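Novice: Top line first, the protein sequences correspond to chains A and B.
In terms of the working numbering, the first sequence is numbered consecutively and its last residue is 267.
In terms of the working numbering, the second sequence is numbered consecutively and its last residue is 430.
By construction, these hints were calculated from the structure, which means they are not laboratory data.
Some clues are possibly wrong.
[Stated by the list, open to error] Where chain A lies over chain B, by a calculated footprint (3+ residues, C-beta under 8 Å):
| id | stretch |
| --- | --- |
| 1 | 260 to 271 |
| 2 | 322 to 328 |
| 3 | 408 to 418 |
None of these values were measured; they are calculated from a predicted model.
Think of the CB as a built atom: it goes at the ideal place given N, C-alpha and C, for glycine as much as any other residue.
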Amino acid sequence: MIDTTERSLWQRNKWLLLRRTTQFTILFLFLLGPWFGVWWLKGNLASSLVLDKISLTDPFILLQSLASGHAVAQPAVIGAVTIFVFYFLVGGRVYCSWVCPINVVTDAAHWLRNRLKLNLSWSVKKSTRVWIMLTALVVSAVTGAIAWEAVNPITMLQRGLVFGMGLAWVIVLAVFLFDLVVTRRGWCSHLCPVGAFYGLIGKRSLVRMNAAERTACTDCGDCFRVCPEPHVIMPALKPAHDNDASVILHGDCTNCARCIDVCEERVFRFSTRFG
Amino acid sequence: MHMSEKHNKLNRRQFIGQCAHTVGSMSILGLLLGSYARQSASTPARAIRPPGAIAEEDFTGACVRCGLCVRDCPYDTLKLAEFGSDVATGTPYFIARDIPCEMCEDIPCVAACPTDALSKDLTDIRDADMGVAVLTGPDTCYSVTGVAHCRACYVACPIQGEAITMEQKRVGNRIYFEPTVHAQHCTGCGKCEQGCVTEEASIKVLPRHLAKHDAGNVV
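With the rest of the complex left out, here is chain B (with noise of 0.2 Å):
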């Protein structure tokens, strides 16, 4: 009881001081909190967000690290960022190559969602915007090489004739046909990644903002 009233009684330069004294250890302590938390958000390319997510400079803030997304996934083909991966901790994602979104027609994993992180103003899965496709290895794929008559991608894109094409193209003598990614049809599921026979796939599910041929619809 004494004690306390002591403290209490704090003459106007000891106020003073306490208060510099608290302001200024929140803000070291905040700008380190924030500096992670901040850098700790930036997602790498490989890792995609489940269908719905909300931009990713919002979903940080929208997502509560449940992992509802992830238990109602039938695929189990979302998984939770774990503590020192390189996905914000506690946040849903999927690498396509290992398990590609099946894009279930009820998209489960949107009607878990508590918050709108996974938005539901997505009813049809065939407007999900996960990432889109592009083909980074031009010259491993077998199509194009002219190894194989591969078109392993064609076949495993569930939107098969319009997201991806197999278009003729010539060089010189010789023809080929390369896979064609058209981004309006293409959800970003990663079917096409996972389906690549190439040892490192040939096609790769990227976020929207980082596929080249695709710059014109970038905000």
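If we strip away everything but chain A, and leave its shape as in the complex, we get (with noise of 0.2 Å):
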């Protein structure tokens, strides 16, 4: 049965205030240390130690660090890859959209650019990220040093806010602008090789989002607009087939859930990738 009745402001926006929430829980755990000699989580998004015992480490940093000629020691690797695993299980790009502090600079830039109807928008390929990816490893191998954390603007915001900010709002702040005015979605959906990476585990893993209730889908668009990977809804809720999957299987979506949020006829759910 379908459920008609009207939908309260917390159903209408619960994922996105537990996202929040989760970015920002993960980014205070970090800083009770600094400001509270309280040191459940130590480190970094580059790599962290929990409660003095669990080593995580960001794969795409420790691959940079392999390509650069390193061999990689022990508790880097153990690290690398508990949190493959994990983004594995809860979704690839799950990092982008619950984890990254930079999720939330983009997101106010789009909030500011749809409010102030700036409609120009450069196009630039979505593939584009898999090739900077690439390109950083490329360069990561010439040159010796892990080649995208000399600009990665997620590890400078979260390295400044935990450990000191220096210039780096300079670069946050550059892609706050570019995502206002330049582009639309500009960063976390064209360019970000950090994203890209996150999406190659997201091609195969397990929690996925599902348009489950598709035949109710009044074509509205809501989902469309407020998704920002929106190419991945379509194979799930306009099937060339009837019965197709309504998983949606594409490594680009974040499982932000937004669309659960926005859609009034209640289409979409969590599921696993096998419905």
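Given two chains presented individually in distinct reference frames, assemble the corresponding complex, making use of the accompanying hints.
Specialist: Here you go:
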């Protein structure tokens, strides 16, 4: 049965609020140490130590280290495998929408862009981020340094907040302005190689968005407008054949679940990749 | 659907054109990124890497810039380079004149490193090679100039009597004592530089390859 009762404010914003809460909680856990001397989570998003025991390392940074010709050491490898397995289960780009602090910046830019009705947008191919990712690996191999970390806005911002900002805000501001006036959803959906890397994990990951009640769809377009990667919705919501799966299987989907929030017809829900 | 099918059907000329476009753009990006990453990896002499740090050209490929060494440094000696400073962003360093390395016996910074940017091969802190102290200001050093019977650097040195000795020198009728660094014992901890009483330190820790009197050790 399709529920037609009006949804509450909470129901219309639940996943957005949960996402923001998660993003800020993770940041706050990193700040507990320097602010209050409680070291539950030490380090930063590049590599960290949980409760002085569990090592976590960003696999893309470690991959660049490997490309730079460096034999990687044990805690970092275990940490990277742990992170890899985690996102393999919950969804590759869950990192983007539930953890990454730059997501808050680019979502803010997107919101303001809509408010100011800024429609001009340079077209950048979505595949650009994959090429940038490969370029970062090649440059790491050639220079022997972890190349993307010289400019990565994600770790710049997060390390800045936890260890000291320096001029890192310049890079954050640049990303904000790029998304605001240059290209719609420019950074996260077109350029960021970190997102591209997690998107590769996302091609095979377990937890998925599912357009389960797609027959209730009224073609209002709300989900397409709110989705940072609208092309992922089409095959699941409007399939070529009626019996095609309603699971969104595209690696670009960030599992942000904003589609659940905005859909008055309650078409979307979470599921596994098997439906 | 139809859109993407149309895009996928390229003739050879378009295909080659697109390949050239991608390769070209990424080459430009790669060159910019590479030269920036390379340039930002040139560390100034006053910034000293933590104990156990592997050779600088390998360090920027091994260090993931997590700051765990900084967190475990009990003396707040280590800092993470901020973006815009002259040290590669996110990498650890210290300024000896501000807070030198206290040479902890258990070397917590090395233990904290999740990669081998700080090498676990360093087990005795006295084998650390962060740099080497050099009497950079013999013209300002109180002991050399005879302003005072100063031996602040000698007293500050944690490897006292081995890494720095006060050698008696004579110029004409004047006898003075010159702080003399013995590079094979000096770890580059920077206690002498911090302890020096002249306005600008007269003794400074330099990366070993810049310390002339030890040029024989440069590989």
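Novice: Against this structure, judge whether each hint is valid.
Specialist: Hint check:
1. Figure legend: the stretch 260 to 271 of chain B, annotated as covered by chain A; annotation consistent (3 residues with Cβ-Cβ distances under 8 Å, at least 3 required).
2. A count of 5 residues in the stretch 322 to 328 of chain B with a Cβ less than 8 Å from any Cβ of chain A is obtained; the coverage claim is therefore met, three being the minimum.
3. Three residues within the 8 Å Cβ limit are the bar, and the stretch 408 to 418 of chain B against chain A gives 0, so the coverage statement is violated.
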